[in-house]
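Asks: Sequence:
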Amino acid sequence: METVPGNLLEDTETPGSGEDATGARRTQSLPPDRDAPASAEESGPLANLSPSRASDFKTCPQLFKFRHVDKLPAVPTPAQARGTAVHLALERLFLLPPAERHPERLLELFDVAWEDTLQKDEYREVFADDPESREDFHRSSRKVAEKYFQIEDPRTLEPLERELHISLMIDEGDSRRDNHKQLEIRGVIDRLDPAPGGGLVITDYKTGRAPPLRFADSGFFALKVYALMVQENRQKTPDLVRLLYLGSSEAHSLPVSATQLRGVKKQLRALWWAIDRAISTGAFPTRKTRLCDWCSYQSICPAWAEEPSSPDPADR
1457 METVPGNLLE DTETPGSGED ATGARRTQSL PPDRDAPASA EESGPLANLS PSRASDFKTC
1517 PQLFKFRHVD KLPAVPTPAQ ARGTAVHLAL ERLFLLPPAE RHPERLLELF DVAWEDTLQK
1577 DEYREVFADD PESREDFHRS SRKVAEKYFQ IEDPRTLEPL ERELHISLMI DEGDSRRDNH
1637 KQLEIRGVID RLDPAPGGGL VITDYKTGRA PPLRFADSGF FALKVYALMV QENRQKTPDL
1697 VRLLYLGSSE AHSLPVSATQ LRGVKKQLRA LWWAIDRAIS TGAFPTRKTR LCDWCSYQSI
1757 CPAWAEEPSS PDPADR
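Per our numbering, the very first residue in the sequence shown carries number 1457; after that it's consecutive.
Quick caveat, the hints were computed from the structure, so don't treat them as lab data. It cannot be assumed that every hint is accurate.
[Stated by the list, open to error] No more than 27 Å apart at the CA atoms, straight line, and that leaves these computed lysine-lysine pairs for DSSO-like:
| no. | residue 1 | residue 2 |
| --- | --- | --- |
| 1 | Lys1692 | Lys1637 |
| 2 | Lys1637 | Lys1576 |
| 3 | Lys1603 | Lys1576 |
[Said to hold, decoys possible] Between beta-carbon pairs, the in silico distance windows are:
| no. | residue 1 | residue 2 | range |
| --- | --- | --- | --- |
| 4 | Arg1561 | Pro1650 | 48 to 58 Å |
| 5 | Ser1713 | Glu1556 | 35 to 45 Å |
| 6 | Arg1733 | Pro1652 | 18 to 28 Å |
| 7 | Lys1576 | Leu1616 | 26 to 36 Å |
Ideal placement from N, C-alpha and C gives every residue a C-beta, glycine not left out.
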């Protein structure tokens, strides 16, 4: 059943939760940043940004630093491989005629996508330490893919776009400056669907379970950025953004409006300024929340450094 969570109707600063925020540690669930552009952080002021990177900074500036400035490697995980394979299988499903988009066909496509994914350089060693778990994880991942049909029937849908690469240039918003800068926002939209009356719907797949509602705003922030990009590229404001959580067979939707998207553009400019300032000063504050339990970098994060031990009274 598709829902519009009440507290998601506000532009809050609630940190995001990641793809599979289900109680497992994030080292087992962090999805690849498919829409991350080439970065210019190491050479000077920010030149480009993706919705997922913007969400990372909103969640925790220190996370942004670890991932996108220091570029610390995160070991690829089975859950990442599953997410990549499911996205690929669903993309291929919608290349078929509607009558052929049934569960058995999706599972066939997933099996091929799974093998294709594990042949990619970043995933070749995923099961190196535990090769016997490969088939078990494959079977469990097939069940996740199959849950897609509990959310919607692809035979009744005809997307306008799949894996849509999209970009947008924004300026500083200060027309008084003769030499104002521009920032490129770019990313990849899983699906752009038609809505009744000629409208547009942005749909994004998640292979994990839906996070607690208080942590769901991060995913919607990224989709609202995509909605802004679609609005300015196509001169049409999308009606709705949707997150499909296959792990729990849930779909969450959020209506968007032109007024709301003006606010998103202001947020992007504010994030741009904040990221530039952090890069120039080297100050990336930590934001310690429950979401730290899913962070790949918790063990090296200054917010989680061991407290100095109290001296033994006998030594005084």
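Asks: Decide, hint by hint, whether the structure agrees.
Replies: Hints, one by one, checked against the model:
no.	hint	verdict
1	Lys1692 / Lys1637	holds, 26 Å
2	Lys1637 / Lys1576	violated, 37 Å
3	Lys1603 / Lys1576	holds, 25 Å
4	Arg1561 / Pro1650: 48 to 58 Å	violated, 23 Å
5	Ser1713 / Glu1556: 35 to 45 Å	holds, 37 Å
6	Arg1733 / Pro1652: 18 to 28 Å	violated, 44 Å
7	Lys1576 / Leu1616: 26 to 36 Å	holds, 28 Å
Violated hints, listed in ascending order, are 2, 4 and 6; each of the other numbered hints is respected by the structure.
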